[in-house]
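Starting from the given sequences, assemble the full structure and let the hints guide the process.
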Amino acid sequence: MASVTLTGLVKEYPNGVRGVDGVDLQIADGEFFALLGPSGCGKTTLLRTLAGLEAATEGRIDIGDRDVTGFEPGERDVAMVFQDYALFPHMTVTDNIAYPLRIQKVGRDERSARALETAQGLSLAALMERRPAQLSGGQQQRVALARAIACHPQVFLFDEPLSNLDARLRLEARTFLKQLQKSLGVTTVFVTHDQAEALAMADRMAVMDGGRIRQVGTPREVFQRPANTFVANFIGATPMNLLDAQVVGGALDFGGFTLPVPGEGGRASAWPVAEGDKVVYGVRPEYVQCLPAPAEGAARGEVTAVENLGVSVLVTAQAGEQSVRAVVPESDEPALGDTVHLAPSSERVLLYRADGDGELIGR
Amino acid sequence: MAPSTSPAADLAPAPGGAPAPAPGPVATTPRARRDGDVVGLGRARAVAFVAPALVLVGVFLVFPAAWTLYLGLLDYSLTGSGAQAPVFVGLGNYTSALSDPAFAKSLYLTLLFVGGSAVLGQNVLGFSLAWYFRAAQRPVRATLSVLVLLAWILPGSVVAFLWQALLDRRNGTLNALIGTTDMAWALDHPMAVIIVFNIWRGTAFSMLLYTAALSTVPRSHLEVARMAGATRWQQLRDVVLPTVKRHILTNTLLITLWTFNDFSPYLLTGGGPNRESEVLPVYIYKEAIIGGHLGYGSAISLLLLLANLVIAVVYVRLLRTREPEAA
Amino acid sequence: MSTVAGQRRSGTGSGTVSGSRSGTGSGPGRGLGAGALRLVAGRSVMYAVVCLLVVFFALPLLWLVLTPFSPTPSYKASLSGFTLANFEDLLANPQTWPSIRNSLVLSVGSSLLVIVLAALAAYALSRVRIPGRDQLLYALLLLSSIVTGTAAMVPIFLMLFQLGLIDRQFGVVLVLSGGLLPAAVFMLKDFVDSIPRSYEESARVFGASPSQILRHVVLPVIRPGMATVGVWALVQVWGNFLVPYVLLSDPSKQPAAVVMYTFYDAGGQPNFALISTFALVYSVPVVVLYLFVNRRYGFAFQGGIKG
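Protein chains in written order, with the UniProt record's numbering: chain C, 1 to 363; chain E, 1 to 327; chain X, 1 to 307.
Covered, in the sense of this in silico footprint (three residues per stretch, anywhere, with C-beta under 8 Å from a C-beta of chain E), are these stretches of chain X:
hint : segment
1    : 119 to 125
2    : 138 to 144
3    : 154 to 163
4    : 170 to 183
5    : 192 to 204
6    : 210 to 219
Please keep in mind that the hints were generated in silico from the structure rather than gathered at the bench. Glycine residues also receive a C-beta, built at the ideal position from the N, C-alpha and C atoms.
Structure representation (structure tokens):
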């Protein structure tokens, strides 16, 4: 078991593109850490640099108390599960699981025994003589896990290991993987593009974009207080409302309607914003009420779309120049064209800078 | 995939072998990633891996081709004064080839052979078979395609003998079948014989290629055309042909190339009678190896190589511009 | 094409509905009778054409199937009896086995050489970014198509003459391998490209050395591709006539493809008993191997020196 520390890590390709652009990160011993981001954000590159499959251009990688920056992948004491599992098609399940042990020059009998022992823990014992092509997707995934477990590494590296499973199996595998990681207690870095997966499984997570880390925190922190508009937009089953506004006369002018600055007494002074500042007003649709009658701190809008989400309904309304989404209980479903009054719950509102990287303002 | 909020180039590994798209602002990034030397071979060892194959190809393929260029400038013969001391004659071989009526005739016959047997014959018959097979009953399709394939895969020397037997003047199967007696097909209609022969021999390739091509025509496209009331012929013209256009071009170029260089007419007619079926490969063989005029033969070989080059360059260009297909 | 269209209609379903759809103005006024009639007519024409094609493609093959078993073999393809005597003649002929052996030497030799060299080159070209790699592949593809046995006949003959390799099977193996290699490298590189890099990466993360990765993972994984290319090379060489014909003049070294043309008696008449049986024996391996390749690989790139 070991912690992982990345310091000023850069991976630059010969053509000058930076896949990883200055990443500092500390992952604690035994932690389940998710790297989340849209495709092309550099999360897989970061994982591969950590594995040693890509050489770092700058910076330093420590695993435990060893600086492994220049090490070969095999010397880093990590095990990786690939997106396509990379099970060797010409080897049986036994031979696949025992392959790392074969490299470590463990005798044939012992490695078969250890492979079987590992496989039993993953309910694979009946499949030991099969080849990968004769296994289902879920079984292949477990064989890949078993192979990673069998070599007792310091760190697990998972590259989207659930993305090749169908939706139902993915949910089962998610629970299973998390339990497994907790019982083994091995530090795990998990790459995914699926925010629900990251939120559900990780102890802590990093959201990446353009080779940089945009936020690090627990799933709760990342979900409730996205550090910038990128994360705010990326995280959440329904995207957060991000409305352009300007501070005018101590309130927020949205062009067509105004709302008070959220917080204590609706005073702009509670936030480090000045008169005339342009801001982005962020509130999740789940925290917007949809009232039939005018109310204080509510914007008037006309319903332009109604989408059924099962137990709730996603309402899109046009308020002034802004399109605002709200999630309402199915019992309160408005009709298309209705006039509604949208009231954000002010303690859930976040303000972001409209310029730069869209950082969260204050507190 | 998550909402695409990032305009950044896609750095995720592209596991499939997506053909490199034309150079564009974004397109260059995934490539760099895909060229990972995973095993850690290194350039030196990689070059050592490639070298033996390259040496063999260089010595036995590139060098002869280049030598053809040089030989074509010599008055080089297997016998006589030209054998002892070849004289440099510059473009003499080329001018004499171009002014030789026998060469002009051979060229004309070659064009006739290629046009008749490959561009028209194999192409049209291959496509028709592939089209027919789409809806044909299984036993009919199996029988016909096995026969067509057999004609293609049997060794050339066996096939040549089969056709001699077929066309023989006295006992030939063809004469027996259609009741003609004493009809020497190979002598009376040599060009027709080698053209029909080559259609028989080579249609399989076009058939296979077009079968593969037709399977790429999306069923839904045909269904849309059918719902719009298009006849079979209109469906073929408006839906199928545009989809397989590129395959048609590829096929035509390849079979043209092969037919252009095909030596098997020699095994059927020997180029005769009276040079009536002497296509270029046979002409070269007779001039250079039998007649011993190596320099002259080389000059014509070079013309053949140049023609090949033109066809091949068009073909490779075509391959390279092929749009990436949906993964 | 109208005949094809007719057949296609009949293929889609039970006559009447599809028949009335046939586009050329079958309005409501026309009865089903006309459509059905057209259908029958179209179908008959179609079947006639198909039968004609079957005859066309089968006719030359008849001789190969019938004559070896005929008591009086000649150019005539007919079954006037059944005998295996011709095969006894073939077995008794002193040239039969040596020529088959020569064919084997040439084709197995070239095939092995091509497999080994092409696999090494294809793997390196697929996985390592060698400068000028794309241009090299481009050139190889061009070469494999343009430098044919026919076009390079003269210089190859001269070169082997100078090298003292005329009338040596080794020379023929080198020439044929050189001709087949570009296409072989191309096919194998395609195959290697299709293998996910994650296999090798996975082994590497587990600490395998380069030679271990090559032996444990790469070689077993590309073996099917190598087998396919090897069989392809084998078939190409087995059937090649021109190159051994030009380069080998000693009958004891010539392969079956060439020796077949020496089975003539003193009067210039072909020895039908020998030729027909020999042709059959000689063809069978090619057909079997083709089926093997086809099952393994399907229909793929076909190039290299033909003929």
